[in-house]
Every structure is written in structure tokens, then in C-alpha cells.
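Counting from 2, one number per residue, gives the positions in the sequence shown under this note's numbering.
Because the hints were derived from the structure by calculation, they are not lab data.
There's no promise every hint is true.
Derived Cβ-Cβ restraints for the label pairs, each shown as a range [what the hints assert, rightly or not]:
| # | residue 1 | residue 2 | range |
| --- | --- | --- | --- |
| 1 | V89 | A30 | 40 to 48 Å |
| 2 | T50 | F129 | 34 to 42 Å |
| 3 | Y124 | T50 | 37 to 45 Å |
| 4 | M38 | V166 | 38 to 46 Å |
| 5 | V45 | Q160 | 40 to 48 Å |
| 6 | P139 | A95 | 21 to 29 Å |
| 7 | L136 | P168 | 50 to 58 Å |
| 8 | T114 | Q160 | 13 to 21 Å |
| 9 | K79 | M38 | 23 to 31 Å |
| 10 | L92 | N51 | 19 to 27 Å |
| 11 | D130 | R99 | 45 to 53 Å |
Straight-line Cα separation of at most 27 Å, BS3-like style, residue types lysine-lysine; simulated pairs [stated by the list, open to error]:
| # | residue 1 | residue 2 |
| --- | --- | --- |
| 12 | K23 | K167 |
| 13 | K79 | K167 |
| 14 | K79 | K23 |
The structure presented is a predicted model; accordingly, all values stated were derived computationally and were not measured.
Glycine residues also receive a C-beta, built at the ideal position from the N, C-alpha and C atoms.
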Amino acid sequence: MAEPDADHELSAESAAPPISVKLEEALAAGTMALLCMITMANVVVRYLTNISFAFTEEISVWLMVVMTLVGAAGAFVKGHHISINFFVDRLDPAPRRRVRLLGLLASTAMFATLAFFGTRMAYDDFRFDVTSPALGAPQWLYTVWLPVLSLLIVVRLLQLVRAFVKPGAG
Numbered sequence: 002m003a004e005p006d007a008d009h010e011l012s013a014e015s016a017a018p019p020i021s022v023k024l025e026e027a028l029a030a031g032t033m034a035l036l037c038m039i040t041m042a043n044v045v046v047r048y049l050t051n052i053s054f055a056f057t058e059e060i061s062v063w064l065m066v067v068m069t070l071v072g073a074a075g076a077f078v079k080g081h082h083i084s085i086n087f088f089v090d091r092l093d094p095a096p097r098r099r100v101r102l103l104g105l106l107a108s109t110a111m112f113a114t115l116a117f118f119g120t121r122m123a124y125d126d127f128r129f130d131v132t133s134p135a136l137g138a139p140q141w142l143y144t145v146w147l148p149v150l151s152l153l154i155v156v157r158l159l160q161l162v163r164a165f166v167k168p169g170a171g
């Protein structure tokens, strides 16, 4: 994973507008706190009673998905997403810029596709009244967050594309 630096056209300092990631940071912190509390409660109860709260697993998995997508949105904005720049960094500035823009557009297309199919999945869960295995809760309450957070990532990526293509950027 490459560290953003002054050479990096996609680093938070050079290409990204002053996009606040306070929303992502707050959501990630809240999600992590909730995940830690659930896990700690499960560990304490298991230690004291030899009984496990197995039903908390589906909530924990959901929280990890939320945390991953929220973290991805923030990482894109800060320029900390996973990127392999070995070959790209060796290109001349003009082709390097085009390749990086292509990467942003490809990521946007991928998360837009994820949002589209995630919406279909959540709607099917709602339409067919699918319930979760452990709690029996409506499954769409878990799956609806995939398209919602994928759209957040798309918005963040479009903000980066806009900043990247505006005159004088990079």
C-alpha cells in the first residue's frame, strides 16, 4: 500500500477538495464501539455461565460490513485506499494522471454496481419477507445498508473525480 505524498495526484492534500470525513469517522467509531460492547458482553457471559450469545454473530457480521464500507469511503477521500503504484508511478505525468483517473472511474463503476445489485437484494429480502436465521429479524434491515453505504462511496468517489478533472488540479 503506497503512502500518499506530494507526488501523488490523488492524495488528500493535492487532488481532493477539503472533503470532510467527519461523518465516516463518527459512523466508524460508533460501529466499532457497538461491536466491542457486543463482543465483550458475549465473552463475559460465556466466561461466567458457559453460555454463548450465538445470535450476536449476525449483528457482529452486519456491523463489520458497515464498518468496512464506511472505512472504505473515508479511505478513498484521504487517499489511503489500497493501491499498487509500482508501474503507475513509473509513467510520465500525463499517462499517470489518466491511469489514476481511470482507477477512480473504475472504482466508481464497481461501487455503483454494488449499490444497484445490493438494492435488488434488499428489495427481494423485503418483498419475500426473508428473516435472519438467529434473531428472526427482517433480513432487509441488514442488507439495506450495502446499497446505502455503497452510494456513500460513489458520492465520495465522484467528489474526487470532480476535483481531479477540474482545471489546475494536480
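Tested hints:
1. V89 - A30: 40 to 48 Å: Distance hint for V89, A30 is violated at roughly 33 Å.
2. T50 - F129: 34 to 42 Å: holds, 37 Å
3. Y124 - T50: 37 to 45 Å: holds, 40 Å
4. M38 - V166: 38 to 46 Å: For M38 and V166 the Cβ distance comes to about 43 Å; the hint holds.
5. V45 - Q160: 40 to 48 Å: Cβ of V45 to Cβ of Q160: about 42 Å, so the range 40 to 48 Å holds.
6. P139 - A95: 21 to 29 Å: The hinted range 21 to 29 Å is violated for P139 and A95, with Cβ atoms some 51 Å apart.
7. L136 - P168: 50 to 58 Å: The hint (50 to 58 Å, Cβ to Cβ) holds, given that L136 and P168 are roughly 53 Å apart.
8. T114 - Q160: 13 to 21 Å: holds, 19 Å
9. K79 - M38: 23 to 31 Å: holds, 27 Å
10. L92 - N51: 19 to 27 Å: Taking Cβ atoms as reference, L92 and N51 lie about 60 Å apart, which means the hint is violated.
11. D130 - R99: 45 to 53 Å: holds, 48 Å
12. K23 - K167: Within the cut-off at roughly 24 Å; holds.
13. K79 - K167: Given pair K79, K167 holds - Cα atoms ~18 Å apart, limit 27 Å.
14. K79 - K23: holds, 12 Å
In this structure, the hints that do not hold are numbers 1, 6, 10, in rising order.
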